[in-house]
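A.B. asks: The chain contents come next:
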Amino acid sequence: MAKLHVSTTINGEPQEFLCDADQSMLDILRGPLGLTGSKEGCGSGDCGACSITLDGRLVCSCLMLAAEAEGRQIATIEGMAGEELHPLQTKFLEMAALQCGICTPGVLMAAKSLLERNPDPTEHEVRFWLAGNLCRCTGYDKIVRAVMETAADMRGGAR
Amino acid sequence: MTDIQYLAPRTLDEAVQAFAASAGKGRILAGGTDLLVQMRAGTVTPHTIIDIKKIGEMTAIEETAGGGFRVGAAVSGATLREHPKLKKVWPGVVEAANLIGSTQIQGRATAGGNLCNGSPAGDSVPAMVAAGAIVTIQGPKGRRELPVEAVPKGPGRLNLEPGEIVVSFALPVRPKGSSDAYLRMIPRTEMDIAVVGCGVSLTLEKGICTAARVGLGAVAPTVLLVEDAAKALIGSKLDEAALDKAANACRAACRPIDDKRGTIAYRTQIAGVLLKRTAAIAAARAQGN
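First to last, the protein sequences are chains A and B. So for the first sequence, the working numbering puts the first residue at 31; every next one is plus one. So for the second sequence, the working numbering puts the first residue at 16; every next one is plus one.
One chain only, chain B, in its complex shape (with noise of 0.2 Å):
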């Protein structure tokens, strides 16, 4: 027997009520790949399990006016991969998702709880922050909307207020030229925590760059955008310079620790790697688009 309290709403509004009212000792349950290893372990302990899979916003994918998308903060990686359009038009996205863990893992695992577990090295991130996602957040105030890249405050730690819930992103509409790519480095081949990740999202018109958003992922207390990466890109024909440019602006970006996984010199070392070949296969796939 325990005193936690499972609760299944089906609205936003009686979820965001409870999980305000639970007053820091409730947690959000969307894929629980996370949370039921932290309780487990007994690093967290909730007094309220507040599970969101119920609720209709949370769990869709939406395409909205234009081409763009509404991907529910509780849509698991696999439901994201079935996607019949999404991963064509946000092949980085859907890829970084699905790098998440084992077949097993993607079944559950959500972009939101990838997000508001808070890891500097969560793979859903850097991509998202690349395609230029925006978050909507819901809480006992009401609506509003964050950037991804501005919800992460620190390792574990979120820019939100109590009882705030992030509900979905919003992938916007893509110009004709347009994709994305996010690689990792990890000391295996699968299902392993990112040493480096490096999201890339661009649009290149008759050859030159004119728009393009870069994420970086674990070298830093949160995931970054380094707009300097974006501008060595934009303009240019993605040649070797621009790239040595934009390859040398990620490593100066570099804020990492030393780890079992990888040293600083390592990490800073790999971030421009990455940036060079996630920019290689974005620009492929949107000369195909």
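In isolation and in its complexed conformation, chain A is listed as follows (with noise of 0.2 Å):
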């Protein structure tokens, strides 16, 4: 079976790959692309290490067909910092919001994404949205407080 073209936007720029119809977004992202910032921990949707943004929606790039990106809208974690750091990963980085830091760009783009629909989230709330990303080192603790120091940052409010 000849391999598929597929023509999609990552981070803002026209991108043209080939792919296997079996091969997975994330396959595609770390591999010809080499975007390796995504990360495989699992392959099956539970680690959320390779999240992504598909049309503005988080998703897990590895519960993705690669060929499904044709015509859609991605945003990866090299796309996160434009001439300085997104505040996230300033925040993530004066609070030690990681320590091995495999989870981390899974963790900064569904974080990303949860500021955007809700600039003001409750811990709960960050917890419940941040559930599907697991971290083995840091407890969640410093996470979900430079999520929430963002939040409050990014809104303007003071310390």
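No wet-lab data here; the hints were simulated from the structure. Treat the hints with care, as some may be off.
Heads up, simulated DSS-like pairs for lysine-lysine below, C-alpha to C-alpha not over 27 Å straight-line [said to hold, decoys possible]:
#1 A/Lys33 to B/Lys68
#2 B/Lys246 to B/Lys260
#3 B/Lys260 to B/Lys221
#4 B/Lys40 to A/Lys33
#5 B/Lys103 to B/Lys275
#6 A/Lys33 to B/Lys69
Listing some non-contacts, in silico: residues in chain A with all C-beta distances to chain B over 12 Å [claimed, not checked]:
#7 Thr39
#8 Gly42
#9 Pro44
#10 Gln45
#11 Ala51
#12 Asp85
#13 Leu88
#14 Met110
#15 Pro117
#16 Ala126
#17 Leu128
#18 Ile132
#19 Asp150
#20 Arg166
Here the structure is a predicted model, which is why all the values come from computation and not from measurement. Note that CB positions come from ideal geometry on N, CA and C, so glycine has one too.
Two independent chains are provided; combine them into the complex using the hints.
C.D. replies: Right, here's the structure in full:
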């Protein structure tokens, strides 16, 4: 079977690639496209380390076929920082909200997606939104606090 | 290089044709949250993957005449949740679909996929059964409708003919004083499979329950419509005696298995407990409508 030709947009840039019908988006990101920020933890949608957005919607790239990217908008962790780091990235560094770092790209993508929808989340909302991002280092507390603090900063509130 | 074919038809006719032509080697791709896991585990090895998300009818939520809804089988849980009216009229259906997996899974997983995966523990199914959803199915011989509870045949098996695709769920018009709710029991807070799931939909008129439907999940080979539980609620003020009777009807309907998530005795006991709690939530919501 011939490879499929896919035209898509990744982090705002037009992108084309070839894939097999059963290859996941994560396989293509990490392989031919060299975007290795998205991590493969479980490959079955349980850990969230491969989180990206598809047309603005948070998804696991391991549970999406690469062929489905045709004509869609994809955002990965590589597109999160502009000239400067995103406020979430800065806050994660400041508050040491990561240790080994494997889950961090997925956590950041998920947290960004939350704050875009809900700029003033409760701790409960943060914890539920991030329930699909597993972290075996931090015990989650630093992550949740960093997301809450970033939200407060982005709303312009004082610390 | 693989010999798998990926198709993303723009019309239902093309999808049905491709699915029928795949002669049992085709798989429908909606959210993919079950299919991709099964493919990776090697438990399914499709020759053709038919992505149905480019078909307008399957990805839309439409309000029908009189205030009913038609929900496309490929609508994600997140899209259901964000619909401004649906969660007011059918909060139980929306909360059930949004108990499935994480935020990431909810962004993809669909009610159509949940039904067609055929798990007795699918969370959206008991809520759809309670809601009285009618499923539209299209196949090589045309269109037909089935009540949602008639679609599952057993774990992983469906009452669908070769080439048939679940297109949408029709949710009926709601009389005043109606609402629904869904609760499930799992051993942890989130991201697990139901030990028991219970959906209740009811209508209250001056404090009297005039209509009710009860769906139970994870307690039998398929999700159950428990008519005896509904009968016990209808005509009552949802008093303790009526709720006890309905809870016992739920327990009597259970034909569960023992597994790592729960024993037969535990699932049977919990089915009654959940009926009472779910009916109370549905009733409180109905009073506001």
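A.B. asks: Is it the case that A/Gln45 keeps its Cβ farther than 12 Å from each residue Cβ in chain B?
C.D. replies: 18 Å, holds
A.B. asks: Against chain B, does A/Arg166 keep a CB gap of more than 12 Å to every residue?
C.D. replies: 16 Å, holds
A.B. asks: With the threshold set at 27 Å, check whether the alpha-carbon distance from B/Lys40 to A/Lys33 stays at or below it.
C.D. replies: 20 Å, holds
A.B. asks: Quick check for students: does the CB of A/Asp150 sit more than 12 Å from each CB in chain B?
C.D. replies: With a cut-off of 12 Å, A/Asp150 remains clear of chain B, as the shortest Cβ separation is near 17 Å.
A.B. asks: Regarding the assertion that A/Leu128 does not contact chain B, is the least Cβ-Cβ distance greater than 12 Å?
C.D. replies: 19 Å, holds
A.B. asks: Please verify whether A/Lys33 and B/Lys69 have alpha carbons no more than 27 Å apart.
C.D. replies: 21 Å, holds
A.B. asks: Over 12 Å to the closest beta carbon of chain B is the bar; see if A/Ala51 clears it.
C.D. replies: 4 Å, violated
A.B. asks: For A/Ala126, is the shortest beta carbon distance to chain B beyond 12 Å?
C.D. replies: 24 Å, holds
A.B. asks: Quick check for students: does the CB of A/Pro44 sit more than 12 Å from each CB in chain B?
C.D. replies: Since the minimum Cβ distance to chain B is about 20 Å, A/Pro44 lies beyond 12 Å and the statement holds.
A.B. asks: Could you check that no beta carbon of chain B comes within 12 Å of the beta carbon of A/Thr39?
C.D. replies: Consistent with the label, A/Thr39 stays out of reach of chain B, its closest Cβ about 17 Å off (over 12 Å).
A.B. asks: Given the hint that B/Lys260 pairs with B/Lys221, test it: the Cα-Cα distance must not exceed 27 Å.
C.D. replies: 21 Å, holds
A.B. asks: Was A/Leu88 rightly flagged as not at the interface, with every chain B Cβ beyond 12 Å?
C.D. replies: 5 Å, violated
Hint compliance for this structure: hints 5, 11, 12, 13 are not met, and every other hint is.
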